[in-house]
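Novice: Residue strings, one per chain:
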Amino acid sequence: MNEFLHVFIMFLVAGGIGVLALIVGAVLGPKKPSRTKLMAYESGNDPIGSARERFPVHFYLVAMLFIIFDIETAFFYPLAVSFNKLGTFAFWEALAFVVLVAVGYFYILKKGVLEWK
Amino acid sequence: MLTDILLTLLKAVGVVLGLLTTFAYMTLIERRLLARFQIRAGPNRVGPLGLLQPVADAIKSIFKEDLVVTAADKIIFWLAPFIAITMALSAFGAIPAGPAGSLFGQDPWVFNLDIGLLFILATTSMGVYGIFLAGWSSGSKYPLFGGLRSSAQIISYELGQGLSVLGLLMLTGTMNLVGIVNWQAEHGILILFQGVAFVTFVISSFAETNRTPFDLPEAEQELVAGYLTEYSSIKWALFQMAEYVNMITASAVISTLFMGGFKGPAFLGETIANIPFIWLFAKIALWLFIFIWVRATLPRMRYDKLQQFGWKFLFPVALMNTLATAAYKAFLPNSSLWYLGIFSVLVVIAMIVFSGSRDWQKVDVKTRAVAGD
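Chains as they are written, first to last, in this note's numbering: chain A, 232 to 348; chain B, 79 to 451.
Where hints are given, some of them may not hold.
[Unchecked claim] With a Cα cut of at most 20 Å, we get these calculated DMTMM-like pairs of lysine to aspartate or glutamate:
| hint | chain 1 | residue 1 | chain 2 | residue 2 |
| --- | --- | --- | --- | --- |
| 1 | A | K341 | B | D382 |
| 2 | A | K262 | B | E143 |
| 3 | A | K342 | B | D382 |
| 4 | B | K390 | A | E346 |
| 5 | A | K268 | B | D151 |
| 6 | A | K268 | B | E143 |
| 7 | B | K383 | B | D293 |
| 8 | A | K316 | B | D192 |
Since the hints were derived computationally from the structure, they do not count as laboratory data.
With the hints as extra help, turn the sequences into a complete structure.
Specialist: What follows is the structure, encoded as structure tokens:
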């Protein structure tokens, strides 16, 4: 049988627990909302402005770098698994991969992307 | 076909219930142990030795009022804890708990994919969505910043984690977790030959699961409760559950990849080493204890240092380890694995010495000027 059917069943059971817990909590909990209870928490003061704020661009950069490097890593997985069959050729391939990653890495390092202020 | 599905369903329910029970008692054991570390008693009032404390906590969190802030994005606010718990629970299904056919003639795993390791890495990283969406949808500032920080931290350490297993995959030649365990039974456990990968993987696992010294999302002095600030009652409990289940999964993955998984030590004989469940559970318990021990010992890192440690230390080290293993496989294919072992020990010693020198934390003044300070 297809192994991924098992995966699907696992997801169903796990998701079922989540839905069940959320429903149970929503049904059994008391509901006495008031204006102050439903206010966003800002250390006891009335919240100022919207929470959809601007935030440091660093987080965006980290996310982009992550996608680039993680995809490169993901491409490396098949090579690593079939390394035995490929022999020395695989090593030069791996070296090329590491050099590519390293060039990008030193570029962002020198650009100061990884300096958090 | 139908019996197969029912069997899988049964195993899946078993895994989920087992994880939830472990989570419940994990919270108690953690509090008791932390109390021991700090020479106090800890929770010991509810039931004998405080053993009913998790039950009391569960009942309390179910009957609490479930608040949704007016400014929140309602649908995503509900979706976030659901994503977190689903992904956390599903990942564990791939962990093999014994040799094939050892669970009353059935296989002691829910599914055994050829890409098992990749599946676990992918599923656990899906948990980031739960955290990020929770922070964003709360409609409040502390959760937004907490969620951002948290997700940036997790994706940064994901890189080190993903890279560090590459050398291991080159040696075993398979991503199938049962295959990796069998390879270790044949050649010796991988912690010996992939010491560098082991260290980087463990450190990244701590960061991935938001544990001390990387528990920045819980830096209450700066962020109140991070992405959890606006969550209450069962939704808050679901996030807590997801965090602990991720910790259990991380322990299981470390045990499976580096410590021989479900197999016991070979010198005890084949029969004892092949007893299902016991060995894996013992290893998971050991790692959970280490998680608590570290929490009781190490202080929290500062956020910029955390990011720099991930990018400037773990990432290059993991990359170098990959290259070294590749060179070993290509040029010394038939020599003893112990060369790699000696190499690992030397590099780990170098890492300890070098991390003390703090060179990687230095800020280059010139590059800061280029970045447009």
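Novice: Next, verify each hint and record whether it holds.
Specialist: Verification of the hints:
1. A:K341 <-> B:D382: holds (17 Å)
2. A:K262 <-> B:E143: Given pair K262 of chain A, E143 of chain B holds - Cα atoms ~6 Å apart, limit 20 Å.
3. A:K342 <-> B:D382: holds (17 Å)
4. B:K390 <-> A:E346: Given pair K390 of chain B, E346 of chain A holds - Cα atoms ~10 Å apart, limit 20 Å.
5. A:K268 <-> B:D151: Holds. K268 of chain A to D151 of chain B sits at ~16 Å (cutoff 20 Å).
6. A:K268 <-> B:E143: Between K268 of chain A and E143 of chain B the Cα gap is close to 10 Å, so the pair holds against 20 Å.
7. B:K383 <-> B:D293: Satisfied, since the Cα-Cα distance of roughly 13 Å is no more than 20 Å.
8. A:K316 <-> B:D192: holds (17 Å)
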